[in-house]
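Q: Below, each chain spelled out in residue letters.
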Amino acid sequence: MSGILVVAEHRNRALANVSYQVLSKGRQLADQAQMELLAVVAGSDVDAYAKELAGWADRVLAVKSDRLEGLLAEPCQKIIAHLIRKIKPKITLMGHSSFAMDMAPSLSVELGIPLATDCIDIFWQNGDILVTRSIYNSKVNATYSFAQSETVLITGRVGEFSVEEGGRQGQIEEIEFDFEEESDYKKFEGYLEAEAGGVDITQAEVLVSVGRGIKDKKNLEMVEELARVLGGVVSCSRPVVDYGWLPSERQVGLSGKTVQPKLYLGLGISGAFQHVVGMKGASIIVAINKDAKAPIFSVANYGIVDDLLKVVPALVNKISELKGKTE
Amino acid sequence: MDIIACIKRVPDTSEADFIKIDPAQRDIEKDRLAFKINNWDEYALEAAVQLKEKLGGTLTAITVGPEDWNEVLRRALAMGADNAIRIDRDVSADDAYTVAVILERVIQRLSYDLVLFGAQSEDFGSGQLGAMVAEMLGIPHATLVTVLEAEEGKVHTQRELEAGTLQSYTIELPALLTVHTGINQPRYISLRGIRSAMQKELQVMALDDPGLSPETLVPMVKLEKLELPPKGKEAELIAGAPEEAAERLAKILKDAGIF
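Protein chains in written order, with this note's numbering: chain A, 1 to 327; chain B, 1001 to 1259.
Here chain A stands alone, though its shape is the one from the complex:
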């Protein structure tokens, strides 16, 4: 019987948020097509994850092996390939995580099946599955169908699918998996957790955050000044760390920190989803960007479409003036 198979992901003793998101999407797609929803979780100790997943899935396949210490792409690819061959799900669904980016493309080639990654929508149309992706810096949406195939592989964008209540009690099946002899051409050496830095941006109530639009490191000076008059801290998006202008501890987003300040003032930040997932919980979001079509303006409460290098000094003056009046 064909169904929908969700590949769940875990790290640091918890299921990944994105796994709940794609699980909820998978539940919806399965209900719409009256299909079974299956979830697979692999690891050295998966009992707790399997119980959790059974809240959404009709059947949970729990693959337990000491080889699965850490969630590594190669052994997982072998397991998922085996399960897809055996179960022949109509769709296999994963979050578009770093793990999926490492595994899904090679898995699709191994099985010779279509793959669509980082999808922002997944939907049925006349019995076929279609996906929408966000391309060209979030400025265009592209809808795709798949070549004729028994099964397709889809990864869903992080933060795109809302988590619905599970409330089910699916069956849990333990699966034995025999790994072939281990090859040592690729040796896992361990995880390196991010080092704690000098400034903890997650504790700041006001973040003045800079992106690529700052253009030059020397312009950070006026940004520091704005943060100072607002009683806040300077954070940034990825390019600013890539250029070496600020340390990685200041980075907001998927590969950096998740923040929830009272004010998030984004300067020259376009608002790629990798950044937005890290800051959309802020109470007030203000964006200053000269590109009126920058996706940040659909997240922000207030926006100024202009050159930040002109607005920031003016803003420093006005805030100082207003503060002077009250003090």
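Be a bit skeptical, because a hint or two may be false.
[What the hints assert, rightly or not] Pairs of lysine-lysine residues, derived as DSSO-like cross-links and limited to a Cα-Cα distance of at most 27 Å, are as follows:
1. B:K1030 to A:K290
2. B:K1233 to B:K1251
3. B:K1020 to A:K290
4. A:K310 to B:K1254
5. A:K187 to A:K218
6. B:K1231 to A:K293
7. B:K1200 to B:K1036
8. B:K1030 to B:K1225
9. B:K1054 to B:K1200
10. A:K90 to B:K1225
11. B:K1154 to A:K78
12. B:K1200 to B:K1052
13. A:K215 to A:K293
14. B:K1054 to A:K290
15. A:K187 to B:K1054
16. B:K1254 to A:K88
17. A:K86 to A:K64
18. A:K262 to B:K1251
19. B:K1054 to A:K215
20. B:K1154 to B:K1052
21. A:K78 to A:K88
22. A:K86 to A:K51
23. B:K1231 to A:K262
24. A:K323 to A:K262
25. A:K280 to B:K1200
These are calculated hints, taken from the structure and not from any lab test.
Chain A is fixed; fit chain B onto it per the hints.
A: Here is chain B on its own, set in the frame of chain A:
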């Protein structure tokens, strides 16, 4: 160490506020856009050049695209590539799988220790190509690499997971890595450098050179239509000259109790 770097040319849409979709909904109108090397590929090239400078060997840059894609190969040659190959093909309707099939055919006939890709492209961002080619070549891979050190016969890499965590691997060569931004600071290439790279030879291959034909290249994923994203929630825009806008924003922030 012989290195292959696969690169592409992309339209720069990062600050374009005039994107239009053609009436057939198949492509965007590109005549007003500037084109450039894919951001991630610039980091991959820099990583390749640094390894070559340290360990010797050759660097071959490869792209699959029409004639105006030569400019990214010129850039690669200016950065320090020894050879440049363009497989002549309009890839605008191709999916990652199709391009992977072409690249695998070309790469498998070359001698290499390490193949580098950018982790994803700026235009479509599917992040599939590198790991697909690795699987087709039957060599190990790691994606999203932010630390890369090489010695004889192996590479030590760290790849990026979420929230700043890194995953560390030692991988025996030959191998394929996809490179993330921030792994290095790509060197500045002057126009003069690119002009002098015009002297270097650029090899152009037809699809049938590696034994492929257009009929054999069938995409697995098919574009149905392009659309502008639906208008969602929009920010309340504060208009006016910088001074005026700043004054209004300052008042809003003060009223909200920020300062």
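Q: Hints first: check each against the structure and report whether it holds.
A: Against the structure, the hints come out as follows:
{"no.": "1", "hint": "B:K1030 to A:K290", "verdict": "holds, 21 Å"}
{"no.": "2", "hint": "B:K1233 to B:K1251", "verdict": "holds, 23 Å"}
{"no.": "3", "hint": "B:K1020 to A:K290", "verdict": "holds, 19 Å"}
{"no.": "4", "hint": "A:K310 to B:K1254", "verdict": "holds, 21 Å"}
{"no.": "5", "hint": "A:K187 to A:K218", "verdict": "violated, 42 Å"}
{"no.": "6", "hint": "B:K1231 to A:K293", "verdict": "holds, 11 Å"}
{"no.": "7", "hint": "B:K1200 to B:K1036", "verdict": "holds, 20 Å"}
{"no.": "8", "hint": "B:K1030 to B:K1225", "verdict": "holds, 17 Å"}
{"no.": "9", "hint": "B:K1054 to B:K1200", "verdict": "holds, 23 Å"}
{"no.": "10", "hint": "A:K90 to B:K1225", "verdict": "holds, 23 Å"}
{"no.": "11", "hint": "B:K1154 to A:K78", "verdict": "holds, 24 Å"}
{"no.": "12", "hint": "B:K1200 to B:K1052", "verdict": "holds, 18 Å"}
{"no.": "13", "hint": "A:K215 to A:K293", "verdict": "holds, 19 Å"}
{"no.": "14", "hint": "B:K1054 to A:K290", "verdict": "violated, 42 Å"}
{"no.": "15", "hint": "A:K187 to B:K1054", "verdict": "holds, 24 Å"}
{"no.": "16", "hint": "B:K1254 to A:K88", "verdict": "violated, 59 Å"}
{"no.": "17", "hint": "A:K86 to A:K64", "verdict": "holds, 18 Å"}
{"no.": "18", "hint": "A:K262 to B:K1251", "verdict": "holds, 16 Å"}
{"no.": "19", "hint": "B:K1054 to A:K215", "verdict": "violated, 31 Å"}
{"no.": "20", "hint": "B:K1154 to B:K1052", "verdict": "holds, 14 Å"}
{"no.": "21", "hint": "A:K78 to A:K88", "verdict": "holds, 15 Å"}
{"no.": "22", "hint": "A:K86 to A:K51", "verdict": "holds, 23 Å"}
{"no.": "23", "hint": "B:K1231 to A:K262", "verdict": "holds, 26 Å"}
{"no.": "24", "hint": "A:K323 to A:K262", "verdict": "holds, 18 Å"}
{"no.": "25", "hint": "A:K280 to B:K1200", "verdict": "violated, 49 Å"}
Violated hints for the displayed structure, listed by number in ascending order: 5, 14, 16, 19 and 25.
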